[in-house]
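Going by this note's numbering, the sequence shown wraps up at 543, each residue one higher than the last.
Honestly, the hints are just simulated from the structure, not real lab data.
This structure is a prediction, so every number in the text was calculated from the model and none was measured.
Heads up, some of the hints might be wrong.
Said to hold, decoys possible - With a cut-off of at most 20 angstroms between alpha-carbon atoms, the simulated EDC-like pairs for lysine to aspartate or glutamate come out as follows:
{"no.": "1", "residue 1": "K445", "residue 2": "D233"}
{"no.": "2", "residue 1": "K398", "residue 2": "E349"}
{"no.": "3", "residue 1": "K328", "residue 2": "E307"}
{"no.": "4", "residue 1": "K354", "residue 2": "E301"}
{"no.": "5", "residue 1": "K367", "residue 2": "E317"}
{"no.": "6", "residue 1": "K445", "residue 2": "D220"}
{"no.": "7", "residue 1": "K306", "residue 2": "D333"}
{"no.": "8", "residue 1": "K418", "residue 2": "D233"}
{"no.": "9", "residue 1": "K379", "residue 2": "E363"}
{"no.": "10", "residue 1": "K197", "residue 2": "D233"}
{"no.": "11", "residue 1": "K192", "residue 2": "D164"}
{"no.": "12", "residue 1": "K328", "residue 2": "D341"}
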Amino acid sequence: MIGVIGVNHKTASLDIRDLFSIAQDDIIPLSENILLNQDIVGVVIVATCNRTEIYYSHQKSDVSQLKEALLKKVHLFLGLDKSYDEHFYHLSQSDAIRHLFKVISGVDSMVLGENQIVNQMKKSYLYSTEANLTDAVLMRLFQKSFECSKRVRTETEIQQGATSIGYLGIDLCSREFENIKEKSVLVIGAGETGELSIRGLIKRGVDDIYVTNRTDKKALEVAEKNNIKPMLFGNYKEQLHKVDIVITATDAGKYLIEKKDVEIASDLRNGKKQLYIDLSVPRNVDLEVAEVKGVQLYSVDDLKNILDAHQDMRENSLGKAEVIIDELVDDSLMWLNSRSLRPVINTITTNMQELNKRELAEFRRCLGDEACDQLEKMTGLLTQKYIRYLIKNLKEVTNNGSSTQSLDDINQLFKFDI
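Let the hints inform the model, and build the full structure from the sequences given.
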């Protein structure tokens with residue numbers, strides 16, 4: 126069985142999402158902690174600026190108990206209490222599969238159709254798989270989700286217009302500054318979001334761009350790749366006054382820019398307008414920065430108010446996307462349900478074959494090897510035919526595994542005393 130528990134931009138504010146943000150280095154320890162629960166057999170944790178989600182496969186029928194157990198582990202790991210439970214959603218089986226497919230297809234994103242989520246989900250899945258945290262169910266469903274994402278993005282117009290948080294941030298820059306081409310920009314963070322922001326700036330004609338990163342080598346690589354200027358990470362605070370726009374996009378998990386840093390920069394700029402766009406969760410820029418004269422500060426949630434004009438066009442694609450998602454959810458659910466029949470099918474097959482083998486052993490003593498060889502061929506064929514009929518009827522009775530109430534009783538029927 127499959128489930129997901131999490132918070133996202135629909136259920137929690139940025140301040141709440143900050144609290145439940147899980148750093149990359151914490152994903153494996155938290156996953157291993159979750160797997161200590163014997164009912165849970167696989168985990169994939171997805172942590173982005175707009176969501177923190179735990180996908181898991183399990184062997185327990187009472188999912189409400191699993192929800193409480195998972196929340197307790199998350200609270201203990203992050204040092205939080207139960208007062209935030211109302212912001213969490215918990216979905217299971219078809220609802221969980223549908224949610225997974227909607228997320229990776231960009232249907233559940235703040236920016237409808239965003240494409241950055243695809244790489245984020247793939248990285249999360251691969252990270253967990255390489256650490257042996259997943260099982261066959263999660264592997265199958267995530268692979269199916271990649272197929273779903275590809276179909277939605279190629280068979281609909283959901284990607285029309287700006288489709289990432291980074292590009293929305295650049296739209297905001299253009300709104301705040303009449304001639305953005307003449308402005309200088311510092312991008313803090315050379316990861317995917319940071320580089321998308323850089324590309325967006327270049328497309329708008331901005332050529333005075335700096336990039337810095339906690340790893341200076343990475344900043345240099347991105348700078349050379351995009352023909353912009355690298356800045357040593359140890360120097361960026363002293364250089365803030367030189368730029369008109371600062372974009373932060375890191376997973377540092379702490380403030381990289383505080384009010385005192387911006388006050389110094391503002392004095393050196395003589396109060397000239399400066400824009401800070403914080404695309405990070407947790408925040409990289411202290412909220413008090415907005416109190417500095419001449420400074421504008423925007424966070425991820427503020428970008429909701431400037432979704433581009435192509436949003437309506439993308440929303441028209443939702444119907445087509447939902448049809449694709451429903452089709453692949455049904456396929457996945459059919460596969461998942463059929464897995465519940467495997468123990469019964471194995472019991473039927475093993476016990477019928479063993480029964481045939483033991484009865485033949487009795488005849489072999491009476492009839493001899495030659496006669497028994499012919500008999501073995503005939504009874505083997507009959508046994509396989511009976512097995513096929515039983516499995517066919519089993520699938521019909523249980524609707525191919527979707528109705529499992531009688532599975533335990535059926536399993537007992539074929540546990541012969543042999």
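Notebook entry, point to check: Can the restraint linking K192 and D164 be considered satisfied, given a maximum Cα separation of 20 angstroms?
Noted result: 12 angstroms, holds
Margin query: Next pair to validate is K398 with E349; report whether the Cα-Cα distance is within 20 angstroms.
Written below: 29 angstroms, violated
Notebook entry, point to check: Straight-line Cα separation of K306 and D333 no greater than 20 angstroms?
Noted result: 8 angstroms, holds
Checklist line | Agreement of K328 and D341 with the hint, judged by alpha carbon distance not exceeding 20 angstroms | finding: 25 angstroms, violated
Next item on the list: Quickly compare the C-alpha distance for K197 and D233 to 20 angstroms and report which way the hint goes.
Entry: 26 angstroms, violated
Note to self: Run the distance test for K445 versus D220: straight-line Cα separation, threshold 20 angstroms.
What the structure shows: 19 angstroms, holds
Check: Going straight from one Cα to the other, do K379 and E363 come out at no more than 20 angstroms?
Finding: 19 angstroms, holds
Next item on the list: Measure nothing beyond the straight line between the CA atoms of K367 and E317; if it is 20 angstroms or shorter, mark the hint as holding.
Entry: With a Cα-Cα distance of about 24 angstroms, the restraint between K367 and E317 is violated, given a limit of 20 angstroms.
Checklist line | Pair hint outcome, K445 versus D233 [Cα-Cα no greater than 20 angstroms] | finding: 15 angstroms, holds
Next item on the list: For the pair supplied as a hint, K354 and E301, confirm whether the alpha-carbon distance does not exceed 20 angstroms.
Entry: 23 angstroms, violated
Margin query: Please verify whether K328 and E307 have alpha carbons no more than 20 angstroms apart.
Written below: 13 angstroms, holds
Notebook entry, point to check: Taking only the CA atoms, is the gap from K418 to D233 under or equal to 20 angstroms?
Noted result: Cα-Cα ~37 angstroms, so violated.
The structure does not agree with the numbered hints 2, 4, 5, 8, 10 and 12 stated previously, though it agrees with the rest.
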